[in-house]
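Q: The hints should help you fit chain P onto chain G, whose structure is shown.
Read off the chains here:
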Amino acid sequence: MNIVSIEHISKYFSVNDTQALSDMSLEITKGEIHAVVGENGAGKSTLMKIIHGVEKCDSGNIKINGKTGMVSQHFRLIESLNILENIIIGMEPIKKKFIVDKKKAFEQINEILVFYGFSLNLNTKIKDLSIGQKQLVEIIKVIYNDSDILIFDEPTAALSELEAEKFRKTLLSLKEKEKTIIIISHKIKDISAISDRFTIMRKGRYIETVTTKSVDISDISRHMSGTEIVNPTIDRSIKPGKELFSFIYNNEKITLHESEIIGITGYGDCGLHELEDTLEELSLNNKNIGYVPSDRLSRGVELNSALKETLVAKNPREFSKYGLLNWRKIDTFSKKLITEYNIKGTINCQTGTLSGGNLQKSVIARVLYQKPETYILCSPTWGIDIESANNIYHEIESLKKQKKGILLLSYDAEEVIKMSNRVYILYKGRIISTIKDMSVATPELIGKYSSGIINE
Amino acid sequence: MNFFEIITPFLLASIGGLYTEYSGTTNVALEGYITISAFIFITITKLTNSILLGFCLTIGIILIISFIHSSLTIKLKANPIITGLAVNMGFYGLISALSYKIFKTKGVISLDYPNIETMPIKILAILLPFITLFIISKTRYGLRLRVRGLSKKSLIYSRINADYYRLTAMMISAILSGLGGIFLGMELRSFIPNIGSGRGWISLVIIYLGRKNPIGILIGCGIFSVAQIFSNYSQNHNVPSEFILALPYFLTLIALIISMRKKTINNR
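As given, the protein sequences belong to chains G and P, one line each in that order. Quick note on this note's numbering: the first sequence kicks off at 1324 and runs consecutively. Quick note on this note's numbering: the second sequence kicks off at 130 and runs consecutively.
Since the hints were derived computationally from the structure, they do not count as laboratory data. Hints are supplied without guarantee of correctness; some may be wrong.
Unchecked claim - Cross-link-like lysine-lysine pairs, in silico, DSS-like; alpha carbons within 30 Å at most:
(1) P:Lys281 to P:Lys204
(2) G:Lys1426 to P:Lys341
(3) G:Lys1427 to P:Lys230
(4) P:Lys206 to G:Lys1667
(5) P:Lys281 to G:Lys1426
(6) G:Lys1457 to P:Lys281
(7) G:Lys1425 to P:Lys282
(8) G:Lys1353 to P:Lys282
(9) G:Lys1457 to P:Lys341
(10) G:Lys1562 to G:Lys1427
(11) P:Lys267 to G:Lys1457
Stated by the list, open to error - Simulated coverage check for chain P against chain G, where a stretch passes if three residues somewhere in it have a Cβ under 8 Å from a Cβ of chain G:
(12) 272-280
(13) 286-298
Values in this document were obtained by computation on a predicted structure and should not be read as measured data. Quick reminder that beta carbons are idealized off the backbone N, C-alpha and C, glycines included.
Excised from the complex, chain G in its bound form:
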């Protein structure tokens, strides 16, 4: 039985002149885990918003038999409120007609926490949480809302491998409870490990729906992008050059050299978040450090400004004379960056209307253009499709060849192993271990260190 059936829907956005969806169809069976895959800007998120009912389509038929709950890619949590308040919005238990029964809410949420084996202090403010924890709060929120159809937009992108594994288990247990799950993901593991079927979208159109079991894992990525993916390999033979930049983290001095990529990783609360804050402050006072924030929405861009404004925001001086901006110069420059980095958007479109991946491309393009000596990249490929992620890896590789130093902060152990010359692993706010010989580095080893296990 189909719990969601979508027939020939179209959606046009006039703000940035894009046809997000055209003649898209999708059928979801009750109780399945259905993955939706495709490039950035393929219209996946728009489709999910239409299913959830927060966006309306221009034409076509939609039939949904159940309550939907959605965890969007960019969290909708309120930073200044605590976890409990965020979870109960929309489903507040009420006593004496209009008073919010926080005690009851507390019990109900704790039941969910115990059931799924999560641990959270419900009185913590959202602003004190890491990305992974925020994700968890969002998930608990949709579970709490008692939705039948759960929609996840890139849920594992921000999670460490351990957390992602836990999350996938959570989805499977939700499936056991007869929930229907729709998940957007770029991670092949999400699709191969848990999905029953997956649907491929390209440029707002339906391409095909595939039963996951019927295809090989290696085939999935080809199905997803339509082209053969070439994995970038980093040339480790380039020897690091002279010292570029150093900082002290918890009594340990980390020095970055020319042609060197240093990976820093860890799980959830390891202190990566705080380290990013420190490094951000350093980068602000130093023109030779380019910084790409992990939370690109709140730190990387101003959502209401035009894309061209976002692209020149780092160096407005270059585009101004006597305090006046030279818009013609800005337009040419922005057009150049947009084509060069394949950003799907026009120079005048509102930055906030870009898809997550394209947003990240704009932020990275802006920093790369500045040509600093040192780059601080924080979760650079979070929420980005395989092809674009590979483009970013290629870009990092060419930076390395140009004798630049790169500091890569990422929760993604595989990414760190693939790119780095050296890896620092954080645990509870300190460096628990350093891997200097990259030939021994495996995700399992990093996983072990990240959980605080040093020797067996």
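A: Showing chain P alone in chain G's frame:
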């Protein structure tokens, strides 16, 4: 006028304005609502000879006006400052036009009434900060109102009508300021042009000085009322009243500097 008579309109208007602040906007028409309510109340009471009728009809009319004002602002996504200022100016025009039409005067309109009992309004005004604190922190309406001000998308994704909360907040602020205007009319037993004499604007200032917190606002209103009493008193002596009227601003400035220093030290 004694302390309670002075603080009442301040409290009503600033706590009313606080609701719109929670919903993420500002109602700059507080002053206008005070003035027009006083006018409507005096007019209806004079024409019908019934305070009760005057009171109820005024509240009803303000409800309708504020509903139109806020729903237009929200639906048309207009700038709330501009619509608020337009409402303010429109009210003044309306008052002098109607005043001339009905009473053939643009000046003072007096009621032939002995004392009007205003105690219930005073009590309500004093209790209002505490009631508001309760509503904001304990009720569902309060939670959603705050969320509306912090993130509209949060409400949309939970599929709650986000506009409802801003609309009602605007109406609450209009009604409470209106009550302040009615109170002034009752106290003076007449309508005089510029009866609000800047109370609406000062209330907006108090909201910010009170850090958008009901108790902070209560304290702010208290300081301003005391200053008002002093300035009335000083007119009989040789102290410039402007100096005393400036005192609350000066005091809050000092208070802000001190509290900010504390905050930065804590952050370090």
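Q: So, for every hint listed, does it hold in this structure?
A: Structure-based check of all given hints:
1. The hinted pair formed by P:Lys281 and P:Lys204 meets the criterion: a straight-line CA distance of about 15 Å does not exceed 30 Å.
2. Between G:Lys1426 and P:Lys341, the direct Cα distance comes to roughly 27 Å. Compliance with the 30 Å bound is thereby established for this hinted pair.
3. In summary, the hint linking G:Lys1427 to P:Lys230 is not supported, as the alpha carbons are separated by about 59 Å, beyond the 30 Å threshold.
4. Pair hint P:Lys206 plus G:Lys1667 holds up; C-alpha atoms about 28 Å apart against a cutoff of 30 Å.
5. Proposed proximity of P:Lys281 and G:Lys1426 is supported: the alpha carbons are some 26 Å apart, at most 30 Å.
6. The suggested pairing of G:Lys1457 with P:Lys281 holds, with an alpha-carbon distance near 18 Å, which does not exceed 30 Å.
7. Between G:Lys1425 and P:Lys282 the CA atoms are separated by roughly 23 Å; this keeps the pair inside 30 Å, and the hint holds.
8. A distance of roughly 28 Å separates the Cα atoms of G:Lys1353 and P:Lys282; the hinted pair therefore holds under the 30 Å criterion.
9. For the hint linking G:Lys1457 to P:Lys341, the alpha-carbon distance of about 27 Å falls within 30 Å, and the restraint holds.
10. Proximity of G:Lys1562 to G:Lys1427 is assessed by CA-CA distance (about 61 Å); at most 30 Å being required, the pair is judged violated.
11. Proximity of P:Lys267 to G:Lys1457 is assessed by CA-CA distance (about 24 Å); at most 30 Å being required, the pair is judged to hold.
12. Here the segment 272-280 of chain P counts 6 residues with a CB under 8 Å from a CB of chain G, which clears the bar of 3, and the coverage holds.
13. Counting residues of the segment 286-298 of chain P whose beta carbon lies closer than 8 Å to any beta carbon of chain G gives 4, which meets the minimum of three for the stated coverage.
The structure fails hints 3, 10 (numbered hints given earlier, in ascending order).
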